[in-house]
Structure formats: structure tokens, C-alpha cells
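Model the full assembly from the supplied sequences, consistent with the hints where possible.
Protein sequence lines, in the order shown, are assigned to chains A and B. Heads up: the first sequence begins at 1 in my numbering, then just goes up one per residue. Heads up: the second sequence begins at 1 in my numbering, then just goes up one per residue.
It is possible that part of the hints are untrue.
Derived Cβ-Cβ restraints for the label pairs, each shown as a range [what the hints assert, rightly or not]:
{"id": "1", "chain 1": "A", "residue 1": "R107", "chain 2": "B", "residue 2": "G11", "range": "29 to 39 Å"}
{"id": "2", "chain 1": "B", "residue 1": "R256", "chain 2": "A", "residue 2": "G244", "range": "43 to 53 Å"}
{"id": "3", "chain 1": "B", "residue 1": "R256", "chain 2": "A", "residue 2": "P52", "range": "27 to 37 Å"}
{"id": "4", "chain 1": "A", "residue 1": "R75", "chain 2": "B", "residue 2": "A14", "range": "46 to 56 Å"}
{"id": "5", "chain 1": "A", "residue 1": "R75", "chain 2": "B", "residue 2": "L174", "range": "40 to 50 Å"}
{"id": "6", "chain 1": "A", "residue 1": "A66", "chain 2": "B", "residue 2": "Q159", "range": "43 to 53 Å"}
{"id": "7", "chain 1": "B", "residue 1": "R256", "chain 2": "A", "residue 2": "Q184", "range": "31 to 41 Å"}
Below, a list of computed lysine to aspartate or glutamate pairs in the EDC-like style, where the Cα atoms sit at most 20 Å apart [said to hold, decoys possible]:
{"id": "8", "chain 1": "B", "residue 1": "K98", "chain 2": "B", "residue 2": "D170"}
{"id": "9", "chain 1": "B", "residue 1": "K307", "chain 2": "A", "residue 2": "E135"}
{"id": "10", "chain 1": "A", "residue 1": "K26", "chain 2": "A", "residue 2": "D183"}
{"id": "11", "chain 1": "A", "residue 1": "K26", "chain 2": "A", "residue 2": "D64"}
{"id": "12", "chain 1": "A", "residue 1": "K26", "chain 2": "A", "residue 2": "E222"}
{"id": "13", "chain 1": "B", "residue 1": "K307", "chain 2": "A", "residue 2": "D134"}
Stretches of chain B that chain A covers, calculated by requiring three or more beta carbons in the stretch to come under 8 Å of a beta carbon on chain A [stated by the list, open to error]:
{"id": "14", "segment": "57-71"}
{"id": "15", "segment": "229-237"}
Just so you know, the hints here were simulated from the structure itself, not pulled from any lab data. Glycine is no exception: its CB is placed at the ideal position from the N, C-alpha and C atoms.
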Amino acid sequence: MIQIQGVSHAIGGTPILHDITTTLPKGRLTALIGPNGAGKSTLLRLVGRLEPLQQGRITVAGHDVATTPTDRLARVMAILGQQTAIASRLRLAELVAFGRWPHHKGRPGPQDQAQVWLALKAFALTDLADRFLDEVSGGQAQRAHIAMAWAQDTDWMLLDEPLNNLDMSHARSLMARLRGLVDQGGRSVAIVVHEINYAAAWADHVIALKGGRVVAQGTAAEVLTEARLSELYETPIRVGTHQGRPLVLHHA
Amino acid sequence: MLGAMALLLAGLSAVWMLQGIGGGNRGFILGLRGTKLAALVTVATAIGVATILFQTVASNRVLTPSIMGFDALYVLLQTGLVVVLGGAGLAGLPPGPKFLSEIAVMTVLASLLFGTLLLRGARDVPRMILTGVILGVLFRSLSGFLGRILDPNEFAVVQSVSFASFNRVDATLLPWAAAITAAAVLAAWRLSARLDVLALGRDPAVSLGLAHRGMVLGVLGLVAVLVSVSTALVGPVPFFGLIVAGLAHGLMRSARHAALLPAAALSAAILLVGGQWLFERQLGQAATLSVVVEFAGGLFFLYLLLKGRIR
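Given below as C-alpha cells:
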């Protein structure tokens, strides 16, 4: 379980998060949703200690992110921020292999290589393993970054907009993989997602943020209602159902 | 590849030491040449390793410590010392401890200054580069200003550190410089696996559990030590590091620091020893190595800029 207590955060004097208290349940796929600028990414980055905590307390599986040594946290959670270009010239397989670093600290063993190979296979990257990162498409690079976080093999996986640049079939297979991690692997996953139907179709738990505050949280069926979503995004939204799960109709 | 480079360097060094050695005072000639060879190799290693380290910290393949003003800071420190203590007072200090304390001050200053710059400005790369370049200009103008108000005799002391020359190397500093360089390079070598992670950038490095802040400050400290050594021995050579780092990346085709660091040190040593041999023995000192290195390095810098490699 990730516990967030009284977290407030400001960037350059502008308040981004106001006194957030919530929990991300263990063994579930949690989706963070909300309009642009709601503070979703900031909250995820604070949990993943990519930003220093200004106020409040966050614990991940009992580890306080402000005081636990960072290399210890790297074996508890993997976080993938929104992708930025990497200066060094790396092959895809080399990038994914870095995911094992928290475990071997520079001395990879055979089981690390096996894990890297599994990660490459899981994200259909084996054919691209020897290509350089700056020679593949945005979606392929995105998959390589996710594969790196996957190879880290942690109980918690936090992904900031992992569906960026992915086509329909890769987006769907990524969600299916994350679902598999939760259902078969007993892991916990949190994602920031904009395309609401991915949350509707795959998430167990949904946290809706707006203006730096939690406005709704609960199961997908509880949060993804017409009234809540229309208010959240300030636009009229209809919600139907498809195979027992909410289907959000926002295109017309 | 590294083996071939080491062999080439060994061959060049042998030619350097033994060429045309007659029956005269062999001990004297070998001593003279040995000192110079040791100085060239020390400087080359320091510049090569410092540049690779700095490029890794800055996540940028076009920057070098010199472009960001590291060596200008060292020259300013020297000029300041001459102003405060006077040329004679400075000469009266024991060279070893003086050198060590200069390096210590330089390391603290550079880590504070560039640490703040890199940790705060990491998301705004153009602003960071601009600030660094402007700091370099500021340091150079400050030492220029101090130079103007100095007594000409004392200015001569400053001058020896402000212009690059591979011909007059301060032999008293050499043992200290070599030992310090060896220690810093060994430290960098032991960090090479962590440097690989650091090179991924801040977010991935933190996610993988690297103590990012400490690592950045530590690496900048090492860079400051190495730049102090090379500047004290031969003076500032802004673009040499750029050539060497470019060569190392081009030759290794790998981003692993365990390969990049020795490649940069070896190619720098080959260039310096080979170049000095060419100018001193073949061209009869018709030109100076530092000028040619700077000219070639400047062109290479422009080429990198125009190819849009600045990120």
C-alpha cells in the first residue's frame, strides 16, 4: 500500500497540490485521472522520489520515501517519468539492462541477463534489441523504457503516461501486461492516464484529481460516472457500459 | 581497440625517449625527456577523463569543463593568490602543500558553483550552458583586471598559468600532479558503473536508486581536481578535451564508462605525445602544439554545433 498523508507541493511559488491524503491499494491497478494541470504527474513523481517532498509524508509498502535510502527504494518500486531524450548512445538491450542495476550494482549475473531477455520479449523488442535508441520510433523507445522499469522487477510499478506514443495494439498489450502483473504476479501498479477508457477497461481503483485536490476515488464503476466525469473535465460526458465495465463516450 | 591504442602510445613513447640518443650524457637526456613525457601523459589523462566525466554529469556531448569556465576559475584563483601574497610570497611557499591547498579550494568552489548550476538548471540546458560560458568570461575578465593592476614582475608569475604551453612544464609540481591525477582517475574508474547510470539523466538514475545529488557533486569535484592539475602544468586548453571525448565516443561505439574513460585518456596521450614529437623533433618548433590543438578543436566544436549535437 502507498500512503499519502497531507502532501502539499508548490513549483516556483505556484501551488500544484493541496493537502492530499489518499492511499493506493496493494495488489491493484490504480489509475490517476484528471484534466491537464491537475497535479497527477507531480503526485506520482513525489511518490517515486523524483521530486523532493516539501510537505507531508509518503510511504511505499511501509518505506518512508523521504528517509529510506534511495537504492533500497529502487528494489521496492520502479518509476518511469515522462520520457526525455538520453544523451548517451545506447542500444535498446543496453537500456533495458539498466533496469537490473538496483539488483546487481554493476555486476550483472546470468539471472539478470535472463530477466532482461524476458523484458525485451514481453514488449516485442527482441528484433530491435541491437538498434540504437535514437534510431527507433517514439513508440518503440517508449516500450524500451517501460521494459526497463519492468526488468527492475519490483513490487510497485509507477508509470507516468505510459501510453504516450503507443499505437492501439501496443497500448492494449501494455495494459494487458500490467493487468497480468497485478493478477498473476501479485504486484501493484499505478499509472497516470489521459485516455479515460483505458482506466475504465483495465483499472481496479481510480483516483481523480482536479486543481491539486482529490475529487473522487474508488472503483472504476464508482468514479467513472456521467456526473463525476462531466464535473471533473467541465465538459458534458456520457457513460455507457460495455461487457460490464463503464465505457466513456466523449467524442461527440 | 584499447590494447591497440596502448601499444601505439608505448611505441610513441619509446620513439620519444630513445630517438637519436647518442653516446653523450644519456642520463641527463633521458631524465629531461622522461619528465616531459610524464607531464604530457599526466595532462592528457587529466583532460581526457575530466571531459568525459563532465559530459556525463551535464548530459551533453558538446560541453567541456573549460568551455564552462573551470580552468578560468583556476587562473583567477592563482591571480588572486599573487595579488594577496605577492609574487615573492607565493614563490616562498612550499610547492607541494601550496598546490594541494589550491586544488582543495578549487574543488570546493567548483562543486558549489557548478553543482548549483547543474542541479538547479538541469531542466533548462541552454540557460545552464549560457550561465557557464558567462561565468567563464567573468572569471577571465576578473583575472585580466587583477593582472592589469599587478606589478609587471608579479604579472609574469600569473602569465605562466594563463597561457597554454606544453614546452615549459613545472617540474617541481610533476610528482604531486601525477599522484593526484592517478588518485582521481582511480576514483573515476571505480565509479564507472555508476557513471553509466548517471549518464541516463536524472529521472532514470534516481529511479534506479542512484544517489544522484551526491554523485553529481562528487563527479564535479573530481573534474575540478583534474582540471586544476592540467591547468597548473600546462595552462588552459579549452578545446582539447572536446576532440578527445569525441574521439573516445567515436572509437568505442559504446556508452560504458569502463571503456570510455581509458579510451579518452589514451587518445589524449597519443595526440599530445605524437603532436609534441612532431613539432619538437620534426618541424623544429616551427609552430606550437597548443595553437594547433586549439585550432583543430575549435573547428571540431563548430562542426558539432552545426550538426546540432548540442542537447
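**Message:** Just to make sure I understand the rule, a stretch counts as covered if three or more of its residues have a C-beta closer than 8 Å to a C-beta of the chain. Does the segment 229-237 of chain B meet that for chain A?
**Reply:** violated (count 0)
**Asked** Range hint 43 to 53 Å: satisfied by the CB atoms of B/R256 and A/G244?
**Response** holds (51 Å)
**Message:** Quick check on a hinted range of 43 to 53 Å for A/A66 and B/Q159, using CB atoms only.
**Reply:** Hint holds: Cβ distance 52 Å, inside 43 to 53 Å.
**Request:** Confirm or reject the claim that A/R75 and B/A14 have a C-beta distance inside 46 to 56 Å.
**Result:** Because 51 Å falls inside the window, the suggested range holds.
**Request:** Please test the hint of 40 to 50 Å on the beta carbon pair from A/R75 and B/L174.
**Result:** holds (46 Å)
**Message:** Verify the CB-CB distance for B/R256 and A/Q184 against the hinted window 31 to 41 Å.
**Reply:** Holds, since B/R256 and A/Q184 (Cβ atoms, about 35 Å apart) stay within the stated range.
**Message:** Given the hinted pair A/K26 and A/E222, is their Cα-Cα distance within 20 Å?
**Reply:** holds (19 Å)
**Asked** Would the pair B/K307 and A/E135 pass a check requiring their Cα atoms to be no farther apart than 20 Å?
**Response** Holds, at about 17 Å.
**Asked** In this structure, is the beta-carbon distance linking A/R107 and B/G11 contained in 29 to 39 Å?
**Response** Taking Cβ atoms as reference, A/R107 and B/G11 lie about 34 Å apart, which means the hint holds.
**Request:** Measure nothing beyond the straight line between the CA atoms of A/K26 and A/D64; if it is 20 Å or shorter, mark the hint as holding.
**Result:** holds (16 Å)
**Asked** Are B/K307 and A/D134 close enough, with their CA atoms no more than 20 Å apart?
**Response** Answer holds: B/K307 to A/D134 is near 15 Å, not above 20 Å.
**Message:** Hinted pair, alpha-carbon criterion (20 Å max): A/K26, A/D183. Please report holds or violated.
**Reply:** holds (12 Å)
Checked against the numbered hints above, the structure breaks only hint 15 and satisfies the rest.
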